[in-house]
Structures are given as C-alpha cells and as structure tokens.
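Generate coordinates for the entire structure from the input sequences, incorporating the hints supplied.
Residue numbers (the working numbering), protein chains in the order written: chain U, 1 to 121; chain D, 1 to 223.
Incorrect hints may have been included.
As the list claims (entries may be wrong) - Selected chain D positions facing chain U (Cβ under 10 angstroms, derived; list incomplete):
#, residue
1, 51
2, 63
3, 147
4, 154
5, 157
6, 158
7, 203
8, 205
9, 222
Hints listed in this document are in silico derivations from the structure and should not be mistaken for laboratory results.
For every residue, glycine included, the Cβ atom is placed at its ideal position computed from N, Cα and C.
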Amino acid sequence: MAKTILVIDDSASLRQVVRMALTGAGYDVLEAGDGKAALAMLDGRQVNMAVCDINMPVMNGIEFVKAAKQLPAYKFMPILMLTTESQDSKKEEGKAAGAKAWMVKPFSPTQLVSAVAKLCT
Amino acid sequence: MPNSPMIQSNDPAHSSPASQSLTELCLGVLPVWERHLATSRSQSEVAVTQMLKAFADIGPHIDLAERQSEQITEALSQCDAGVSGLTRACERVLAPVLADPLLPAAAGAAMGEVLVMVRRAVDALENIAKPFAHETQMVAEQVDRMYMGFQYQDRISQMMALIEGDIARLYEAFASDGVGAPALSDWLVRLESQYAMTEQHQDHQAKDSGDSGNDSNNETTFF
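As structure tokens, then:
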C-alpha cells in the first residue's frame, strides 16, 4: 500500500512540482494551501508524513507543526520543512516546533524523494 | 509601530507646490506599479502551472522510456539468455560439433558463417541500445533540472509579493501625508525582517551575490 504524503504550500505550482516528484516515486499525495487547511485534513485518515512550507497565509508552517504535534494520532508524523528560508535561526525554530528535517527550495526531486524515503520508514 | 520615531508630519496647507505635486505623482503612480506587479505575479503563476500540467502529461512517457531502457539493458545482459551472451552461447554449443572431424567442410563453413551473422546482429542491437540508454539517462537528468527551474517562479513570486505590499504601505504613507509613517531606518528594518531568501538580504544591503541568486546551501538538514 502506497504511503500518503501531505504537501502544504500556498503556491499551486510548487505543490505540483512536489506532487510530480513524489507520485513518480510511488507515493500518494494530498495537498493543502495553508496550515489551517492541512490541519483540517488530519481528520483520522492515514497520513504518513507532511512536507510543509513556512511562509503561508492564514496559518504558517511553524504554527502548523506545533498544532499537528498536539494531535495524538499525528504526534509522531514526521514533517519536512520545504522552504526558501535558509537562515539558521529559522531552522532552529522549525526544529523546536517538532520538524524532522529542513530542505531549501529549489530542491532536486531526487533529493526530496530520498529525504522522504528516509523519514517515512 | 507605536515606538517608532515618526517622520515630521506635513500640514498639506503649508506644503510647497513641489511637495504637493510629488505626493500627487506618487499617489497616482504607486497603485499602477502595484497592479502591474500583481498581474505579472499572477501570470507567471498561471504560466508555470500550465507548463507543469503539460509536463505532467509527458512525465509518464519519459518514465516508460526509462523502464524500457532498463528492460533492453537487462535483455542485452551478458548471461546466456541475454542477447549479448547469445554469440558466446552459440559458439559454446557449436564448438563440439565444429570440432568433429567427421563434420563435412561445407557444414562447418556454413555454421561459421551463421555465427558471424549472429555476432553482427548482436553488435547491431548493442549499438542501438547503448545510445538509447544514454539518451534516456540524459533526459532524466534534464527533467530534474526542469523541476528545479520551475521552482524559481515561487521565489520570484515571494519577492514580488513583498514589493507589492511595500508599495501599498508607501501609498498609505503618501495618502496620509506622512502622518504616522515610520522613519526610513524603521521602514527598512521592517522590510528586511520579512525576507526569506539570502539574495533578498544581499539586494537590501547592495551586496553583489556573485551568482544568479539562489541559496547554494540546499542540502537537507535532518534534526
């Protein structure tokens, strides 16, 4: 059974790139345009991992990570931050919130698939 | 920004004609710039999304070509069942027959000729398959580069959105005749605090990035 990855980004084109990379590697993909919409999708369905942007309207990526970690069913769901932010202070913020990895855009699909495979075991 | 030092407000009644016309100019021009930026950002998003959709249709065909290339490589493997091993297998099977002193010379010559034909056919197949495998690999590498290229739209969009917002703030400052507008230093600090990308900081500080403006440190960090 294919693993399901929740992709959260306010850019439709970015979500499309991530979708193409992950579906090409055999994953199922769910999409959300911001943190709040993503949280609404954590409704009991199987989500093996999340790939999340930082700067988004309504609810940003850090807020999403913190909120997702409060949900018992998704407490241990690994979250990869995929962002244009490369500052160490931001990375520390993501780590403190509970993210498992940090990748800076633009990313190579091979690099993303490799990181997802590592986190999704 | 309640603690920010304010620009000295100008009483419109006492503004110079030059100052008034400059304000009118900015009030007229800034919204136009803002709309141009918004349209450009929107159009680039639509264009990239359309390209990605088209690319999504091509993707499965590229994947299929890659798989076929792997199958051909497998079929051409050196094992006896593979095409490349065929010549050797034929030679091995026919060796005792060819070594038989009772074999008529004409039969031996015919078998030798058949072996040459098999060898030529195998060589021809290998010569077709090798470039195909190379081309398929090249296409896969270029696909990765295209995926990365598409992502620059997101970076550009973020930069333009920030400028749009700042133009709107500047418009408000002009519209209120500077009342409540922060000092330049505070304005710039606020603007810089919203940057996400290295090149934005470099541009802000007028530093030459020396490259096309992408964060070179794109290794994955695992926590």
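Legend entry - Those earlier numbered hints the structure runs against, lowest number first: Violated hints: 7 and 8; rest satisfied.
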